[in-house]
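For the record, the sequence lines run as chains L and H.
Just so we're aligned: the first sequence equals residues 1 to 483 in this note's numbering.
Just so we're aligned: the second sequence equals residues 1 to 156 in this note's numbering.
Hints were generated in silico from the structure; no laboratory data involved.
Quick caveat: nothing in here was measured; it's all calculated off a predicted structure.
A hint or two may mislead.
Claimed, not checked - Residues from chain L shown here face chain H by an in silico Cβ test under 10 Å; the list is partial:
{"id": "1", "residue": "Arg-102"}
{"id": "2", "residue": "Pro-322"}
{"id": "3", "residue": "Thr-422"}
To be verified - Now the stretches of chain H that chain L is said to cover, found in silico as 3 or more residues with beta-carbon under 8 Å:
{"id": "4", "segment": "55 to 69"}
{"id": "5", "segment": "78 to 88"}
{"id": "6", "segment": "98 to 107"}
{"id": "7", "segment": "115 to 129"}
Claimed, not checked - Dumping the calculated DSS-like pairs for lysine-lysine here, alpha-carbon to alpha-carbon at most 27 Å:
{"id": "8", "chain 1": "H", "residue 1": "Lys-36", "chain 2": "L", "residue 2": "Lys-14"}
{"id": "9", "chain 1": "H", "residue 1": "Lys-25", "chain 2": "L", "residue 2": "Lys-454"}
{"id": "10", "chain 1": "L", "residue 1": "Lys-462", "chain 2": "H", "residue 2": "Lys-36"}
{"id": "11", "chain 1": "L", "residue 1": "Lys-272", "chain 2": "H", "residue 2": "Lys-36"}
{"id": "12", "chain 1": "L", "residue 1": "Lys-272", "chain 2": "H", "residue 2": "Lys-106"}
{"id": "13", "chain 1": "H", "residue 1": "Lys-155", "chain 2": "L", "residue 2": "Lys-345"}
Note that beta-carbon positions come from the ideal geometry of N, C-alpha and C, so glycine has one too.
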Amino acid sequence: MAHGVPMTDNRIRKHPVIDFERGEELYFDFEGKKVKAYEGETIAAALYANGLVKFTESKHRARPRGFFCAIGKCSSCIMKVDGIPHVRTCVTPVEEGMKVERHGALPEFPKEVVSRSPDPIHRDVDVAIVGAGPAGLSAAIVLARYGVDVHVIDEGERQGGQLVKQTHQFFGSHLEEAGTRGVDLAVELFEEAKRSGVNIHNNSTVLGCYPDKRLTVESKEGLEIYDTKGIIYAAGAIENFLAFENNDLPGIYGAGGVQTLMNEYGIVPGEKVLMIGSGNVGLIVSYQLIQAGVEVVEVIEAMPHFGGYQVHASKLRRAGVPISTGHTIKEALGTEKVTGAVVHKLDDSWQPVPGTERELECDVICIAVGLHPDNQFLRQAGAEMKYVRELSGFVPIRSEDMETTVEGVYVAGDSAGIEEATVAALEGKLAGFALVEKLVGGSKELSDGKEEVKAGIEQMRKGPYGEYPRKGVKMCTLDEEVC
Amino acid sequence: MGEYKETGVLTLEDIVKPSADRVEKGPVVVIECIEKIPCDPCVAACFKEAISMDEITDIPNVDFEGCIGCGVCVTECPGLAIFIIDCTSDPCTVTVPYEYLPVPEKGDIVYALDREGKIVQESEVVRIRSSGKTYGVTISVDKKNIWDVRGVEVKA
Chain L
1 MAHGVPMTDN
11 RIRKHPVIDF
21 ERGEELYFDF
31 EGKKVKAYEG
41 ETIAAALYAN
51 GLVKFTESKH
61 RARPRGFFCA
71 IGKCSSCIMK
81 VDGIPHVRTC
91 VTPVEEGMKV
101 ERHGALPEFP
111 KEVVSRSPDP
121 IHRDVDVAIV
131 GAGPAGLSAA
141 IVLARYGVDV
151 HVIDEGERQG
161 GQLVKQTHQF
171 FGSHLEEAGT
181 RGVDLAVELF
191 EEAKRSGVNI
201 HNNSTVLGCY
211 PDKRLTVESK
221 EGLEIYDTKG
231 IIYAAGAIEN
241 FLAFENNDLP
251 GIYGAGGVQT
261 LMNEYGIVPG
271 EKVLMIGSGN
281 VGLIVSYQLI
291 QAGVEVVEVI
301 EAMPHFGGYQ
311 VHASKLRRAG
321 VPISTGHTIK
331 EALGTEKVTG
341 AVVHKLDDSW
351 QPVPGTEREL
361 ECDVICIAVG
371 LHPDNQFLRQ
381 AGAEMKYVRE
391 LSGFVPIRSE
401 DMETTVEGVY
411 VAGDSAGIEE
421 ATVAALEGKL
431 AGFALVEKLV
441 GGSKELSDGK
451 EEVKAGIEQM
461 RKGPYGEYPR
471 KGVKMCTLDE
481 EVC
Chain H
1 MGEYKETGVL
11 TLEDIVKPSA
21 DRVEKGPVVV
31 IECIEKIPCD
41 PCVAACFKEA
51 ISMDEITDIP
61 NVDFEGCIGC
71 GVCVTECPGL
81 AIFIIDCTSD
91 PCTVTVPYEY
101 LPVPEKGDIV
111 YALDREGKIV
121 QESEVVRIRS
131 SGKTYGVTIS
141 VDKKNIWDVR
151 GVEVKA
């Protein structure tokens with residue numbers, strides 16, 4: 001199975017919550033074999049659907065590697081596509097007749113340099129927003145309503161960021177779309193953005209962000225240079241990894257990566273899944289795996305208690321899934337791909353308890369041990385950054401209106417610190433209002449809008465689960481006199 | 001921190017229950033949501049205004065006298081944490097939220113599950129209602145089991 005493409009089809013045909021609308025059938029070439037795909041799938045999704053698990057290999061010892069994040073953040077799925085090496089197959093749409101092949105860790109640069117356009121395309125715009133998730137789209141809608149020329153740049157094929165894989169009903173206030181499934185919310189936001197006159201550029205990857213409010217972008221048209229009067233950086237988050245023996249085997253995937261594969265492309269990751277981590281992501285993805293007909297053999301959690309909401313854990317327990325707190329993974333089993341895992345108990349000082357090792361049979365191990373903010377281009381732009389544990393990583397110092405220390409460059413959503421989608425959307429709105437003030441001029445309506453959004457964010461951060469963001473945001477917000 | 005934080009399984013001591021008198025009177029809601037999380041669609045769902053919160057992170061406060069046990073909230077709760085018990089019929093019924101395949105049909109005999117997914121008894125599906133893709137499945141349950149049955153499994 002490690003080489004070649006076995007004749008399988010891992011696509012989900014019936015699902016309790018999602019109707020998968022697949023595009024036209026098409027065929028592409030994978031290492032000399034004809035592979036079936038559907039329009040709208042990425043190369044990685046189509047290959048996984050056909051049973052491929054080894055996407056690349058390590059530089060040393062040529063160990064097999066699978067995909068990990070499935071959203072273009074980790075480079076674990078790079079292949080040669082139509083002669084170009086290092087293409088992230090998880091964010092590259094599959095096309096009829098495409099030639100795809102795997103390459104080693106360090107492929108040769110093609111002798112004949114392929115360039116899509118010899119000269120960069122210059123764009124002078126009012127505002128560029130990086131990321132078409134809840135934060136980016138919410139910001140864009142506000143700006144467009146006030147007549148600002150706003151461009152949203154996203155490397156994905158679809159809009160909505162990670163909302164597109166959130167098939168569960170949203171928590172949060174019913175005034176802020178709670179009870180709506182994220183996937184429906186993505187469509188609503190996108191439709192509203194279109195109606196408001198927002199320009200959306202998908203399949204466009206930001207390559208750099210500069211202090212003079214300039215962005216460089218790679219799109220199908222080639223290199224684009226955006227000169228702007230304001231930037232809102234809302235690129236989301238990156239999944240954390242975990243150290244254990246054999247952790248690079250195909251079959252070990254980010255929980256979010258599995259969610260993308262399963263809920264966005266309608267492809268099951270395997271038959272039996274071990275979930276590592278019991279925050280809301282781990283608990284929710286476990287539930288969604290069961291909905292897709294996949295067995296979740298166990299959820300393990302190193303802490304003495306599970307991390308997510310009780311209601312999510314209770315839902316899983318009712319489905320018969322064991323949750324083992326005070327447990328961690330020792331090693332993954334298998335050579336070409338995961339065939340099982342060894343887990344063991346931890347004592348009060350996080351040391352393995354001898355004699356508690358047990359072997360579990362599974363073909364997928366999901367890593368759900370948190371996320372960290374995706375914001376490295378803000379550092380490039382010169383924004384002052386600070387490590388804030390409560391926000392899960394380095395975050396930019398910002399004003400109460402979400403402006404970084406670089407004038408005119410704003411941040412919103414998970415790039416500003418890991419929280420959830422409702423807060424991301426509200427932060428996007430706040431940055432949007434603030435940029436309208438800057439570009440169009442202030443008004444009572446705008447300052448009222450800002451106050452309302454701030455009150456909404458404050459509401460969402462109440463309660464014990466809001467303790468971390470409450471504390472974290474204080475540590476990096478300028479007007480609150482801590483930094 | 002309660003033991004539920006290790007197990008994911010609530011005990012009857014963790015839950016705010018309607019009184020025995022109220023249970024005898026007619027169908028009534030049981031909300032098994034005990035943490036202060038930022039979530040309030042149940043408040044908006046109840047047209048009898050029997051569920052209230054001062055702040056979005058409050059635990060839902062139920063006015064059991066005002067609740068008519070209609071079950072609208074069952075399919076609106078994103079946490080699938082709301083149930084209806086009804087002891088005005090014999091056997092009693094329990095309504096649980098359901099989002100799997102296959103969806104059971106009225107008259108089907110299904111397994112009634114407890115909070116750990118263990119089979120408590122076999123039950124007949126007496127009513128199905130849906131809101132979007134979430135179903136509220138009402139099953140017959142022996143009176144002695146109404147505080148244990150919280151899930152449904154369709155027989156293979």
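Okay, the hints, checked on the actual structure:
{"no.": "1", "hint": "Arg-102", "verdict": "violated (35 Å)"}
{"no.": "2", "hint": "Pro-322", "verdict": "holds (9 Å)"}
{"no.": "3", "hint": "Thr-422", "verdict": "holds (8 Å)"}
{"no.": "4", "hint": "55 to 69", "verdict": "holds (count 3)"}
{"no.": "5", "hint": "78 to 88", "verdict": "holds (count 4)"}
{"no.": "6", "hint": "98 to 107", "verdict": "holds (count 4)"}
{"no.": "7", "hint": "115 to 129", "verdict": "holds (count 4)"}
{"no.": "8", "hint": "H/Lys-36 / L/Lys-14", "verdict": "violated (35 Å)"}
{"no.": "9", "hint": "H/Lys-25 / L/Lys-454", "verdict": "violated (45 Å)"}
{"no.": "10", "hint": "L/Lys-462 / H/Lys-36", "verdict": "holds (8 Å)"}
{"no.": "11", "hint": "L/Lys-272 / H/Lys-36", "verdict": "violated (33 Å)"}
{"no.": "12", "hint": "L/Lys-272 / H/Lys-106", "verdict": "violated (31 Å)"}
{"no.": "13", "hint": "H/Lys-155 / L/Lys-345", "verdict": "violated (35 Å)"}
The earlier numbered hints that this structure contradicts are 1, 8, 9, 11, 12, 13.
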